[in-house]
Every structure is written in C-alpha cells, then in structure tokens.
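K.L.:
In case you want the letters, here they are:
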Amino acid sequence: MSKTITDVVCPFCGTLCDDLIVTTDDEGKKILGVDNACAIGAEKFIHSSDHSHRVTRPRKMQEDGSFKEITYEEAIEHTAKILVNAKKPLMYGWSSTSCEADSVGHEIAELCGGIVDNTAAVCHGTTLIAVQNVGIPSCTLGEVKNRADRIIFWGCNPAHAHPRHMSRYSIFPRGYFTGKGAKQRKIIVVDPRPTDTTNLADIHLQVEQGYDYELLQALRAAIRGEPLAGDVIAGVPKETVYEAVDVLKSGRFGVIFFGMGVTQSLGKDHNIDAAICLTKDLNDYTKFSIVAMRGHYNVTGSGQVLGWQYGFPYSVDLSRGFARYNPGETGSIEVLKRQEADAIFVLGSDPGAHFPMRCVKEISRLPSVAIDPHITPTTEICDVHVPVAFVGVEVGGNCYRMDNVPIEARKVVEPPEGMMTDQQFLSAVLERVKELKAN
Amino acid sequence: MSEYIIKNGTVYDPKTEVKGEVKDICIKDGKIVDKVSSKAKSIDAKGKTVMAGAVEIHAHVAGPKVNEGRNYRPEDKLFTYQPGGKNTRMAGGFSIPTTFKTGYEYAKMGYTTVMEAAMPPLYARHVHEEIKDTPIIDEGAFPVFGNNWFVFEYLKNNEMDNVMAYISWLLKTTKGYAIKIVNPGGSEAWGWGENCTTIHDPVPYFDITPAEIMKGLLTANEKMGLPHSIHVHTNNLGNPGNYKDTLDTFKLAQGVKPNNKFGREQVFHHTHVQFHSYGGDSWANFESKAKEVMDYVNSNKNMTIDLGCVTLDETTTMTADGPFEHHLTTLNHLKWANVDVELETSSGIVPYIYDPKIKVCAIQWAIGLELALYSKDPMRTFITTDHPNAGPFTRYPRIFKWLMSDKSRQEMLKGFKNSDKVMAATTLGSLDREINFYELAQMTRAGPAKALGLTDMCGGLAPGMDADVVIYDINEGKIKDPEEIEKAFSAATHVFKAGTLVVDNGEIISNGNKRTFWVDAKVPTNTQVERDVQMKFLKYYSVNLNNYEVSDHYVANPYVIEVEN
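Here the protein sequences come in this chain order: E and R.
Positions in the first sequence are counted from 1; adding 16 to them yields the working numbering.
Positions in the second sequence are counted from 1; adding 3 to them yields the working numbering.
Keep in mind the hints are simulated off the structure, nothing from the lab.
Just so it is clear, the structure is predicted and the values come from calculations on it, not from any experiment.
Possibly wrong hints are sitting among the right ones.
As the list claims (entries may be wrong) - 20 Å max Cα-Cα, derived PhoX-like pairs, lysine-lysine:
# : chain 1 : residue 1 : chain 2 : residue 2
1 : R       : Lys539    : E       : Lys450
2 : R       : Lys542    : E       : Lys196
3 : R       : Lys89     : E       : Lys453
4 : E       : Lys199    : R       : Lys542
5 : R       : Lys338    : E       : Lys284
6 : R       : Lys539    : E       : Lys196
Said to hold, decoys possible - Stretches of chain E that chain R covers, calculated by requiring three or more beta carbons in the stretch to come under 8 Å of a beta carbon on chain R:
# : segment
7 : 144–156
8 : 299–305
From the three backbone atoms N, C-alpha and C, an ideal C-beta is built for every residue, glycine too.
Take the sequences, apply the hints, and build the full model.
P.N.:
Next up, the structure:
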C-alpha cells in the first residue's frame, strides 16, 4: 500500500511549482515517487527520503579536520555563544528555508547585532538595486499564462534552471486570452550562446558577451523610432534589432524574464535599470511587464520578511542597533573581504560553493556554524554543522514564488527521528541567546 | 486580569453620548464595566481627555504593495530608525513604516483597531503574515472584488446567489473582512493597458460596466448582511472634473436600505473622497468640488465616507488602481512599480511629493479639510489619509489640529506660494467651523466602528465593550495654541488595548494581544460555484486551488464574526 499527497509545493527553484504528486509508503516515511516535478525537483524529494546518505545529528569539526557527532543541545549552545560573543556576526542564507524560520533568525540577529543577508547578494541583488532606482512594472505568472503573447528571456536559460517555467507559465500554457498556447506567442531569447532555451526562440538575439546594456539601450532607442548607428549592435545585426522591436511593439501583452546572465555580468544593476526602462517605455505602446527569474525557492520570501521587518530586501546590517542598508558596504561579500565579521552563521544557502575564494577562506577562519540538511562545501569548512529537516519535504512553511506570490509548502514525510527543523533549532538558539544576554 | 479605574478624566464618548463630562472609566477583565473593586489600579486623568481607542477604517499597512513600497524605497528609512527596547523591536520608515513601527505608532496615537484597505486574494497569506508581525492593534483586511472574473461573470449572468456564494467563499479563504472595490473594471482593463474612466465604460471582453459591478456587489452585500458595507474607490480617481463620476457612483446607492444585525446604517462607504472631489477640466483650472460632493453625502443617510486628507509630505502612493499609478508616473516621473494579479486585480506604487509650493497639492490639501468641515454628520465622515497615499497616518494629529483650528488653517492658506490661486479654487478660507472633541470622537471612534459593524465592540466606552481606552494630556477648554492639539494627540499618555495597558506615559510597555478580524458569512452550499472555482483554478490560475486558502495558523489570534442570513 502507498499514500498519495497532492498539491505538493516543490522546494527547489523560484518557479515554486505547486502541483506535485508525491507517493509515500504507508507509514509516510519513505518517498516512493514524485509526479509532475522536473528532474531536479523530483530528485530533491527522492534524495531526501534516502536517510542512509544523510547526517542526522550535529557534528563538530575536530582539530584534525574530522567531524565528531554532538548533540543538538551542544550545537544550540555553540551557535548561541558564537553569536553572543561576536560584535558583528554575519548571518547569511535564508533562501532555502521558510519565512517562519527567517523571522526567528532575524530576531536573533537583532539581539546579537548581526548582518542579515540572503543569496540575492550574489544573484538578484543587482535587480533589487535597479528596482530601487527605477521601479518595476510587473505581474503574476498567471497573468503571463492568460494574456502574454510576447516573451523575452534575457540572460536566463529556463530549460535548465527553471525547467517547468515554460510549460506552466510562459511559452506553452493555454490561458483565458491565449487559447492557442505557444502558437499565439512570439519568443525572443537574448543569450551569447545557443542554449536549449534559444532553440525555442522565434528570434535569438545572440548578444556579444558583456554588451547587454548596449543592446537594451539600442532597443529603447529603436522603439522610439530613433536611428541606430552601425550595422551591428552589441553583436546583433541592426535588422534583427528592428525585427525584435516590431515583434515587441506589435504584441498585446509582453513580459521580460531575466536571469543572472544579465544581473551578474558587466553592467550589473545598470543592465536591469535599462531592462526595466525598456519595459516602462513599451507601456507607451502596449502592455509590458518584467519578472526576475529568482533562483532559490524562497529567496524572494527572505526579501519579503526583511522588507516588512526592516524595510530593506537584503544586506541588512543590524550591528548598530538599528537597520542599515548599503549594498557594496553591508553585503556579505564585502564584509568578508574586509574581514569585518567576527563570526559566521549560514542557513539555507551554500556560500562555500558560490562565494569568491577569499570569502570562503574567511569563512573557514571564523567561528562558524552551518545549518543545512546536506553536507555541502560550506558545512565542510564550518566549526559546527547542524543538519535539519528539509523544508517543503519534511516540514511545511511559507515560501514566495519569483513573482512574490506566497505559497505554503507542505510536509510530505517525517524527518529522520529526532531531527530538528530550522525553525525549532532557531527558536532554541533564540531562547539561549536571550538567556546569555540577560546575564 | 487586572482592574483599572481612570479617574476624573473629561470623557468624550459618542457611543454613550457623553460630551465632555468629568467621569470615571472602569476596566475589568478586558472590558469596560460600571464599577471595579477597591483593588483596581487608579489612574488620575484630571484635566485630561479620555476617549475610546480610535478606529482606522482605511489604511494600507500590510501586504504585497506596502512591502514593495518598503523594499523599493530605502530612502524612506532615512533618519527614521529607532533601536529596539525592552518591549519593542527596532523600527523604521516614514511613509511606509515597518510592521513593528506601524503597530507602535498607531498605539502611541491611541489607535487600537486598523483595517487594511486592499488585500489581493492571491496574496492574502502575505497580508496575514504582516498583520501577525504588527503588534498591539487589532486588524482586518478587505479583499478586493471589483475586478474579479468570477464576480464579472456571475453579475453579467444575473446570478446573485452565485455572487454571494463566491463572496462567502473568498472571505473565508482569504480570512477577509469586507468587500473592497477599487476602480471597478478599470483595473482589469489595465491588463491591456486600458482603463474605465466613467462608471459606464464597458470592461474589455467582459461585457459589464463599473456601475453594474458596484450595484451588484452592493446588492449582494446587503442580501448577505455583512458587518461592513461595500467599501468603494470608484473610477477616475485623481483627475480634474472627476466629482461628476463620484456623484454618479454615490447615486448607485440611492434609496437602498441597510440589512444587517450589526447596527450598521450605511449601504455604501466611499473612501478617500478627497481624491474624487475635483472640478475643472485640466490642472490649470483644477478646483474643489467638496461642497457639491458633501451636499449629496449630507442628504443621503445610507452612505459614509472617509476623507483621504493630503498632509503635504513626501509619501508613497499605492493602490489597486493600476492605471492610476501609471498615470501618476507619467506626471511626476518617479519610479513606478506595478503588479497585475491574475483574475483579481492590478496594483501600482509611485512615490509622490505633495509640495505646498505646487498649487494643485495645496488645493488637494484644502479639499480634504473642506469635506470634513462641510459634513453635517460626523458619524458618517471619517478622518483618514488613505495612508500612505495622501500622507502617512502618523500625521493624523496634524489633521486634527487643522480641523479644530481655523487659525492654523488660515496660517497655512496664507503661507502657500500660490495662496491666491489656492483660495480662489477652494472655499476653505471661508469655513470657520472648528471640529470639537466630541465630533473628533465621532469621526475617529464611534463613526468608523459603526460603519464597520463593530459598534458593540470598539470605538466606545459603554459597559461590556472592549476596554480600548486612551488618555490624552489636553483639556478642550484650555487650548491656547493649536500646536497643543497636534502634540497631545501624537502621544497619548495611556492606552489600553482590551484592558491591557500598552502605552504608559507615552512609552510602549506591552505588545498586547492583537486580534485579526475576519467574516465567516454563511450561505447555502452552492455546487455550481464549487465547480466554477475548481475550473478556474485548473485553467487560469497559476496556483492550485488547494494551495490558495490562508490556513488558520497564518491568522494571528483570529476573531471570527459569523454572519447567518
């Protein structure tokens, strides 16, 4: 016998698909199958269910670099102490966990004068800065499904990074005003390389690497009917630019989806400024929106909770007793490079795999703790690794999709026996921090 | 729970018709009572003003657009941050304060109940997450219905039972409080970059007009007997000459009688009327039509309004009226955020600087005050700023000052750069009425509580009601300088929330035990609507039906108002 759980939310990427069907054994302990998910999402469920690969108790690094199992109580004590003893602990991650856990983490950071930063620091932080500069005309993904007849993918490759995006929202779905599905939509993909996404494009603007800003501004000029100088613009023939402009202006509802190919390449937030202004300009002719292809399934939620609690979406420095925000100064990378943090706490991200080597070295030098269900490059260089239940698999909680729509993730199986959740661990740390601070 | 007696305060309470009499107010077990035992803690309020906790009927304080406003305006935090304290978290922001600051600032002014004015149903969980993090104050949220595809289709087909069943379902699913209507039809048209600028413009593809939407929802609201009436922001907000559309909208409610068991006497609430009371046909001949609008309001007792007073600050406008925000960004060229929400609504955000040097801004300021001063029934006219649209709620005490002091208004009028033009376009200079404390209590306590269907719960000091009680250090008979008014109402000396002392000597000493109000309106089982909901979710929504409902654990301390009809 087996049990079937429907409407399961996928805790992998910012597409946050919520139509998964998970089959478990009768006791709700082992996942037998996952339907509707992409290969990555399905693997996350299946993998988590195989407890033989998992660390189920906290571990502390020994002098020889090996790890020794410790109790959760000892891990709580270690975490509380390094945070309380630090003047400016960096508390990074918050993107692969629930908003409920984020909220408890922020309270700890507030008491300990920490810096709270999420993975936007190395992904869409530039987008957030651009939004602060020029705003953002946007829409929910259901609007795209129901209305959109023009889709641009800029610097992103959803075929691999957000595998169900195209079928659920952007290319293939048949919505209220889009009964013909993909036939009704023109797809433009901007990418220096041919990819599996460019294969689906009506127009592939093969931009020269690093020239996104030029191409964006050329499109803006062409939309206004200004002449473009030169035969090739940012690696794209002028005629193709004009062709793209005709496609964009002749649509009734268009959307630009953009990813890290344009947020973290040359120009950074200036690229996004230009992309947003292009969207805004197009609203003088038709209806246009722009949506960031957020990566972690709840990086958006981290920004939301930080927003309502502190007013800033990432890189929030609480060390002075009030919230400061100055990306470039208060961001994780900068703080680590300047060797300004005196402890590091990681939850729901893997900076060991993604940060520049200088920052990774700094993490390994500092008193540290990593809270993560997996063994990761980060857990291997931190003093203590605290395994926790998988959010969205073994414990529920609220998450925000890339278009800021909140969806409550479900619990489908029990975590390994005795394993804490993020929120439980953080709540225990918070209690201990309060006790230590009181003395 | 402890007992309190507030002694010898000058009490203003329209609920019990106490007009500035010196008397004691007793609190026991969270309620107002006739008397308390000798163990009750005594608070001396001699020479001070005592009122019920104030009730906010319309403010944007929680949810997706408020938070987008916070996140995209780091500049709004500049110089505003307060560190945390023994009972408080760190808190900052001016026009769009953090949730913590929202709770603290309302409480410090003596506000204890606040309604979030526009909740997109798809984002309801977000609204409730923020409400949960807003301390002290009781809150409810109004889901938007005026651009909802279910509503369009049922009304077009004249299926009133289905409209009611859907309303009931959506209120329950989103844990919502009332039917909010924002730019009916126009926000759907904005999906195509279009708008409905009069109440008779057809909605593209849906074969229905704004007038039909509003009238249909009004009828449904009264048939269902909900605690609040429909809560409307009509078409053509913010444009010269729009007062005609406003009056056309008002007339939809003409003659309709209220039906409810909550003591509510209106069938129609129009919000931020200041933005809808404009004459002229361009910004050049822009003028006030406050008198025309209020003449209608005064003679039709089945409607209520709130003001939407401009406070002349730099603020952040945000509304589910998506086309309006696009219009605004083309006027002021400041950063524009927009979110169109599938099947439900649109919304937009643009920062705005109400600069007193600009003629139009000063006229807007005057219109907000004129509406209040022309009102013959303060029980139907409520003070708001449509926070943060016309100004932040933290400016309420300043509005009280302007309404209570002709002197302060005249000083403002004379100080404007375009003083002559402003006076020519308005009548404020000739209105010497000064709102008194009793009227203020009607406009900020008893009136909004009654309009919300909460008249037996909050906004008054009758025995049995929640003990939301505020003491202000001011004596109506001894005001020498209008500034004293602003100062006193900015910082209540004591605030009780449901019998808990939350503000003592102007300091937050407790986070109280906030509640979330929502309305469970019972209707007969309707399998047609159940089927329609399932189909729409399958075909057009981007989330599954089973992931749409706000589960109970996201609703902070729920207080469910059940409606049987």
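K.L.:
With reference to the structure, classify each hint as holding or not holding.
P.N.:
Do the hints match the structure? See the list:
1. For the given pair, Lys539 (chain R) sits about 49 Å from Lys450 (chain E) by alpha-carbon distance, which is inconsistent with the 20 Å threshold.
2. A hinted pair counts as satisfied when its Cα atoms are at most 20 Å apart, and Lys542 (chain R) with Lys196 (chain E) qualifies at roughly 13 Å.
3. Proposed proximity of Lys89 (chain R) and Lys453 (chain E) is supported: the alpha carbons are some 12 Å apart, at most 20 Å.
4. Restraint check for Lys199 (chain E) and Lys542 (chain R): the C-alpha separation of about 18 Å stays at or below 20 Å, so the hint holds.
5. Among the hinted pairs, Lys338 (chain R) with Lys284 (chain E) is consistent with the structure: their alpha-carbon atoms are about 19 Å apart, no more than 20 Å.
6. The suggested pairing of Lys539 (chain R) with Lys196 (chain E) holds, with an alpha-carbon distance near 17 Å, which does not exceed 20 Å.
7. Residue count for the segment 144–156 of chain E with a Cβ under 8 Å from a Cβ of chain R: 11. That meets the three needed, and the coverage hint holds.
8. Only residues whose C-beta sits within less than 8 Å of a C-beta in chain R count toward coverage, and the segment 299–305 of chain E has 4 of them, enough to reach three; the restraint holds.
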